[in-house]
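Colleague: Sequence:
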Amino acid sequence: MSIALYRKYRPATFGEVRGQEHVTEPLRQALRNGRINHAYLFSGPRGCGKTSSARILARSLNCAQGPTPDPCGECDSCVALAPDGGGSIDVIEIDAASHGGVDDARELRERAFFAPVSSRYKVYIIDEAHMVTREGFNALLKLVEEPPPHLKFVFATTEPDKVIGTIRSRTHHYPFRLIPPSTLRELMEEVLSEEGVAFDPAALPLVVRAGAGSARDSLSILDQLLAGSDASGITRDGAVALLGYTDSSLLSEMVDALGARDGAAVFGLIDRVMEGGHDPRRFTADLLERARDLVVLAAVPDALDKGLINVSPDAVDRMREQAQRLGAAELTRAAEILNQGLTEMRGATSPRLLLELLCARVLLPAADASGDGGALLARLDQLERRVASGAVAPAGSAPPVGPPPAAPPAAPPSAPAPTPSAPAPSAPPPPEPEAAPERPVAPAADDWPDTPPAPPAASAPAPPPAPAPAARPAAGGALDLGTLQASWGRILETVKGMRRFTWMVLSGSDVRPAAVEGNVVQLAFARPNDAKGFSNSGSDQVVAGAIGQILGVEVRVSAVAGTGAPPAPQRPAAPASAPPPSPAPGTEPSGWDAPAAAPPQSTHQQDSRPQSPQQPGPAAPEEPRQQRPPAGAGGARGPITDLPEPPPDPYENAAAAPPPERGPEPDPSEPPHDPAADEAPRPSGFALIEKELGGKVIDEIDHTAR
1 MSIALYRKYR PATFGEVRGQ EHVTEPLRQA LRNGRINHAY LFSGPRGCGK
51 TSSARILARS LNCAQGPTPD PCGECDSCVA LAPDGGGSID VIEIDAASHG
101 GVDDARELRE RAFFAPVSSR YKVYIIDEAH MVTREGFNAL LKLVEEPPPH
151 LKFVFATTEP DKVIGTIRSR THHYPFRLIP PSTLRELMEE VLSEEGVAFD
201 PAALPLVVRA GAGSARDSLS ILDQLLAGSD ASGITRDGAV ALLGYTDSSL
251 LSEMVDALGA RDGAAVFGLI DRVMEGGHDP RRFTADLLER ARDLVVLAAV
301 PDALDKGLIN VSPDAVDRMR EQAQRLGAAE LTRAAEILNQ GLTEMRGATS
351 PRLLLELLCA RVLLPAADAS GDGGALLARL DQLERRVASG AVAPAGSAPP
401 VGPPPAAPPA APPSAPAPTP SAPAPSAPPP PEPEAAPERP VAPAADDWPD
451 TPPAPPAASA PAPPPAPAPA ARPAAGGALD LGTLQASWGR ILETVKGMRR
501 FTWMVLSGSD VRPAAVEGNV VQLAFARPND AKGFSNSGSD QVVAGAIGQI
551 LGVEVRVSAV AGTGAPPAPQ RPAAPASAPP PSPAPGTEPS GWDAPAAAPP
601 QSTHQQDSRP QSPQQPGPAA PEEPRQQRPP AGAGGARGPI TDLPEPPPDP
651 YENAAAAPPP ERGPEPDPSE PPHDPAADEA PRPSGFALIE KELGGKVIDE
701 IDHTAR
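Per the UniProt record's numbering, residue 1 is the first one in the sequence shown, and the count goes up by one each step.
Keep in mind the hints are simulated off the structure, nothing from the lab.
Model, not experiment: these values are computed from the prediction.
For glycine and all other residues, C-beta sits at the position ideal for the given N, C-alpha and C.
Hints may be right or wrong, so weigh each one.
Stated by the list, open to error - Each pair of labels, with its calculated beta carbon distance range:
no. : residue 1 : residue 2 : range
1   : D70       : S118      : 19 to 25 Å
2   : E159      : G307      : 51 to 57 Å
3   : R292      : R556      : 51 to 57 Å
4   : S312      : G101      : 47 to 53 Å
5   : R292      : L141      : 21 to 27 Å
6   : T343      : D247      : 23 to 29 Å
Go ahead and model the full structure; you've got the sequences and the hints to work with.
Modeller: See below:
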């Protein structure tokens with residue numbers, strides 16, 4: 001019956017302990033100097049030599065020629081404590097995982113005071129010391145603090161933090177480390193040579209990787225491979241199949257497919273992995289390991305000779321070419337994605353789905369949502385390498401690009417456009433509402449002038465009749481009120497697309513730009529509460545954004561309580577003794593300070609109701625809010641029945657120019673609207689009712705005459 005390799009080749013002296021020179025040398029020097037402590041604490045990962053070093057320490061202490069750093073191996077104590085020996089009655093090993101209670105500690109304390117039988121010292125080796133309970137440690141505390149001269153303690157643990165501080169402070173702590181891969185490889189080569197077994201050198205890196213720095217685990221895996229090998233010995237294919245690793249050729253194919261952005265090949269390889277029965281998590285871990293090796297190989301071309309990577313020498317040339325083609329930036333980004341996906345796969349119910357998504361993210365740099373710019377850097381690095389290798393044509397070979405098309409000339413805001421002196425009811429509306437011609441208005445009454453007077457020359461320029469975009473302010477120049485007024489219609493349309501509530505507030509009330517001071521645009525409201533509510537609702541920011549989109553300037557909008565409209569578009573008031581003239585087409589009295597004049601013969605207006613469909617009723621104002629006089633006007637303006645008579649057929653014009661979409665009607669208590677700011681034709685109230693609701697207005701009740 002054969003003995004396990006990790007037991008057969010267990011070290012018998014400190015010189016045979018591999019990879020722990022930082023522990024063995026101080027212990028040997030302490031034995032030479034005779035400075036031996038009563039308690040030691042050996043900590044470190046499993047299988048790195050803690051318990052073996054504790055046995056060697058006990059053997060060195062009880063050697064007939066000792067205490068000595070090099071036991072003779074011939075005396076009774078050395079023979080009994082050898083790896084294949086039967087043990088000594090004075091060296092007691094206790095497994096704290098099953099003997100860590102307070103009762104076990106009390107029993108140990110009672111026996112510890114007895115002198116050793118045949119050795120110099122009685123040594124207690126407490127393995128898995130972190131499993132001792134707090135009560136057990138407290139029971140041992142006095143004994144560990146002041147032991148008898150013949151008593152020595154060695155605590156071995158993988159978690160030294162769980163040993164209570166009062167015990168740990170009374171020991172000499174020696175931390176053990178993981179054994180380097182090169183040391184493990186040398187150890188396995190010596191063991192295989194001692195056993196006389198043939199082996200493939202490419203299989204040893206797989207065993208070293210599976211051992212994870214533990215000599216005991218590595219020798220156990222090697223023993224398993226040795227037991228399952230045939231006359232040819234240990235082969236790499238057998239190690240790959242037994243350990244469950246992904247074949248190196250499959251990893252190389254996946255790296256080539258990812259580097260070539262070949263999605264079909266990538267997903268085909270994933271299907272091969274799943275059909276072969278491989279674990280997706282294991283494949284992801286192997287692919288991450290390959291990405292790490294490529295990153296190291298890109299930085300250190302001779303990484304294999306220096307022992308930085310553990311791969312087969314036959315695969316180094318292909319890996320070096322892959323590292324040069326992909327670049328460090330792309331490899332690092334892929335490694336980060338794989339590492340994150342490896343964490344997400346833990347406990348996942350669909351690991352194949354996660355693996356496919358990971359590969360898709362590696363294929364598409366833009367799909368990387370990490371937000372740290374790694375995808376952009378990887379793409380730039382790849383482009384630079386392609387340009388350097390000649391895969392991308394130089395910039396000089398690109399066809400010449402023609403000049404961009406010239407932008408359409410903007411209408412200068414300073415040049416006034418001609419204003420027609422007479423209404424044109426039959427003219428169709430232009431396509432752009434901001435450049436719409438003046439809307440025809442029905443004559444008021446028989447005694448009113450048939451032809452409205454032209455606006456004075458000193459008035460503000462009217463919008464141009466031809467559709468043209470509003471002039472933007474010059475680069476770096478300040479915004480002026482005229483430009484803002486000329487573009488107000490386009491600004492309202494932009495506001496409508498951004499926030500309909502703000503558009504309804506601006507369209508349903510007499511709100512116009514009142515002034516421009518630097519980068520602050522003031523919108524005048526009739527009531528302070530309206531201005532305050534406009535600002536509190538965030539509508540000022542919406543209007544500022546719309547102004548920025550249309551005029552290309554950054555402004556701040558301020559809502560103030562004022563006249564509600566700028567003085568520029570106002571027309572002079574008529575004398576009190578003369579009947580008020582008919583407003584120009586598309587205009588009406590603007591401003592709250594304009595004198596209100598009631599049309600004459602209001603009773604005649606009421607008696608001139610239409611009696612047949614061929615003679616419609618009097619033309620209603622554009623909006624019902626104009627039926628009431630403005631605040632402070634003294635009730636000079638009459639109800640809607642006092643308005644002038646309509647033209648013979650106003651519905652013909654309404655059918656030719658359908659009204660634009662309107663929001664809900666505002667509160668009738670709001671001040672009258674300034675028609676000079678309107679840039680789109682709107683039908684009268686009666687026409688709107690008959691067109692939209694399909695009814696006929698028989699009579700209207702006046703709520704203002706009391």
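Colleague: Determine for every hint whether it applies to the structure shown.
Modeller: Hint-by-hint comparison with the structure:
A beta carbon spacing of about 21 Å between D70 and S118 agrees with the range 19 to 25 Å that was offered as a hint. Hint check: E159 to G307, Cβ distance near 30 Å, so the stated range 51 to 57 Å is violated. At about 54 Å, the beta-carbon gap between R292 and R556 stays in the expected band of 51 to 57 Å. About 51 Å separates the C-beta atoms of S312 and G101, a value consistent with the hinted range of 47 to 53 Å.
At about 47 Å, the beta-carbon gap between R292 and L141 misses the expected band of 21 to 27 Å. Against the hinted window of 23 to 29 Å, the Cβ-Cβ separation of T343 and D247 comes to about 25 Å, which satisfies the hint.
In this structure, the hints that do not hold are numbers 2, 5, in rising order.
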